[in-house]
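Sequence lines, in order, name chains A and B. Residues -18 to 83 in the working numbering are what the first sequence lists, from first letter to last. Residues 185 to 538 in the working numbering are what the second sequence lists, from first letter to last.
Hints are computed from structural coordinates only; laboratory data are not their basis. Be aware that a few hints might be false.
Residues on chain B that point at chain A, a partial pick, calculated with CB under 7 Å [stated by the list, open to error]:
#1 Ser278
#2 Ala282
#3 Pro464
#4 Arg466
#5 Arg472
#6 Leu481
#7 Glu492
#8 Gly497
#9 Met520
#10 Ser522
#11 Ile534
#12 Leu535
#13 Trp536
Derived list of chain B stretches under chain A, where covered just means 3 residues or more per stretch with a C-beta under 8 Å from a C-beta of chain A [as the list claims (entries may be wrong)]:
#14 242 to 252
#15 263 to 275
#16 498 to 509
The beta carbon of each residue, even a glycine, is placed where N, CA and C say it ideally should be.
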Amino acid sequence: MGFLTLFSKPAPTLLKLPSGSFTVDREGAVIVGTLPSSFPDNLVHEIANQVLAAFRDATEAQLPLSELVIHYASLKITAKELRGGAMIFLAPKHTGSHSHQS
Amino acid sequence: MATRHKILLLDDDPKLLDTYQQILASLPSQPEIHTAGSGPRAMAMLESDQFRLLVCDLKMPKMDGLQVLSIVRRKHPQLRTVALTSVHDEQYRSRAYALGVDLFWHKPTNEQEIKMFLECIESLLGRERDSGFRGVQSKSLVDIIQLECISQSSSMLRITNGSLMGKIWIQDGEIIDSEADEFKGEPAFQRILSWKAGSFETFPADPSRPRTINKSYNGLLLETAQALDEKAGAAAEAGDAATAASPALAQLSQVEGIEFVLAMKPGEQNNHVARGLENPERMAVWARANLQRFRDLGDRLHAGPVAEIQGLGPQRHVSLTSHADTEFCLGWKHSMSSEQVREMTKKVLILWAS
């Protein structure tokens, strides 16, 4: 029990990668979403802005895109172009079982 | 006298730092324990001193542990890292391992767990000392293999180079078999040796492994080295890096479904080569901007490095990825699915690396 007390502490929460989707208009305003409210709004907007900018830049580079898929080591972002806006899906990746005894 | 390893402990709670310091001081190898109370402080200490191991708490204000580990893996790839947390959530374990940490450990809550924790830490320090592979950047793979063979070792070397992996089996100081992607035996060995960088791990020997390579290790290394020298010489004669890469690009452009290949050197705006593109400059600007854009976003989300970016369009698909010191923008037929693009992009990277 002593150790339980010893190693516990009130600490800030870690950013948890969310699972869900949201839709943004061409200005980047969120129209509807299923992301947990614990996920910071500023990051939702950051994702939306970067995705919209990527779609816009692609069009300017004469490479029109209807879908973007960004594979991170621990997150997959799928964005579908929607008349200037976008529908964006976030799916955390789980790397399977790692044993801490290994 | 043997050099004592240095361990850096990072936690925002000074009491926990004291406790860990005492616990780790009991390690048999008697490492030097240093502490930092914040991410920025730890980063500064890592810059100014040579540490072997970083033990990092995950929950911290301002700069959390995942953020610290993400930066550390990039700036100090030779540093062993341990994520220590009281958070019982599989997502953090996955993310920590995705960032490349060596060990993810829940904060010990009893003596038995502390004992196991200490054994793992000692093993991490010991593995470093015993194997000597990690961070030995001045040694080539040839050097490593020669050391294994001269010492008459029996082992299996696993070599990873980005997403590529190869294996070399050594029995009593002779190379008996090799494997890399779809290649086996000598071709696989040559392919692995053509990789310019990577990491090594040694595993126990497999005496039952059938022998497919019958040349002496010296002969095999000599032949492979000659072939690689000839290849490098031809590239040097061809002039700059862009010209040297052209034959490789020609090979990549034969991959099924591919429409164009653009290879770029990171940070060198005009250093790129392309096949199948009318305006490679414009595409290079777009590709570089998007790789950077989504890397930055990944840092903010603590989602780990970008493995690949796919753009699917009505005219063609593109994939952006990188390998070692090269970034790629690849064009694909629009009839391909996202999974096919992903699969073929990996194939391109394998071809490039070899």
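Structure-based check of all given hints:
| no. | hint | in the structure |
| --- | --- | --- |
| 1 | Ser278 | 5 Å, holds |
| 2 | Ala282 | 4 Å, holds |
| 3 | Pro464 | 11 Å, violated |
| 4 | Arg466 | 6 Å, holds |
| 5 | Arg472 | 11 Å, violated |
| 6 | Leu481 | 5 Å, holds |
| 7 | Glu492 | 5 Å, holds |
| 8 | Gly497 | 4 Å, holds |
| 9 | Met520 | 13 Å, violated |
| 10 | Ser522 | 6 Å, holds |
| 11 | Ile534 | 17 Å, violated |
| 12 | Leu535 | 20 Å, violated |
| 13 | Trp536 | 18 Å, violated |
| 14 | 242 to 252 | holds (count 7) |
| 15 | 263 to 275 | holds (count 5) |
| 16 | 498 to 509 | holds (count 4) |
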